[in-house]
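Peer 1: Sequence:
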Amino acid sequence: HLAILIETMRREGYEFAVSRPEVIFKEEEERRLEPIEQVFVEVAQEYLGPVQEMLGRRRALMQNIHYGE
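Numbering-wise (this note's numbering), the sequence shown opens with residue 355 and increments by one.
Everything labelled a hint here was simulated from the structure, so no lab data went into it.
For each residue, glycine too, the CB sits at the ideal point set by N, CA and C.
One or more of the hints may lead you astray.
As the list claims (entries may be wrong) - Cβ-Cβ distance ranges computed for the label pairs, FRET-style: (1) Ile360 to Phe394: 42 to 48 Å; (2) Tyr401 to Glu361: 22 to 28 Å; (3) Glu376 to His355: 15 to 21 Å; (4) Ile358 to Ala414: 18 to 24 Å; (5) Leu402 to Glu369: 32 to 38 Å; (6) Gly422 to Ile358: 36 to 42 Å; (7) Leu387 to Glu361: 34 to 40 Å.
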């Protein structure tokens, strides 16, 4: 974990500051662009509902769904 690495480096004498992560937005043609991530999720059909709910809370856009055998 990052916390362990940071503590180890501090004990070895390194000095630095760590801040909370933040979203970096890009401005293009007077539009604000957000970083996006494309993911492939493969789950059993019984878990599909809860996974879709979790993705929905993150404003995910489902592009395709395929039901296996």
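Peer 1: Each hint: holds or not?
Peer 2: For each hint, the structure was consulted:
Judged by the Cβ atoms, the range 42 to 48 Å given for Ile360 and Phe394 is violated: they are separated by roughly 32 Å. In this structure the supplied range 22 to 28 Å is violated for Tyr401 paired with Glu361, their Cβ-Cβ distance being about 36 Å. In this structure the supplied range 15 to 21 Å holds for Glu376 paired with His355, their Cβ-Cβ distance being about 20 Å. Checked against the given bound of 18 to 24 Å, the beta carbons of Ile358 and Ala414, roughly 31 Å apart, lie outside it.
In this structure the supplied range 32 to 38 Å is violated for Leu402 paired with Glu369, their Cβ-Cβ distance being about 48 Å. The supplied range of 36 to 42 Å is met by Gly422 and Ile358, whose beta-carbon atoms lie about 39 Å from each other. Distance hint for Leu387 and Glu361: a CB-CB separation of about 36 Å, consistent with the stated range 34 to 40 Å.
Checked against the numbered hints listed earlier, the structure breaks hints 1, 2, 4 and 5; every other hint is satisfied.
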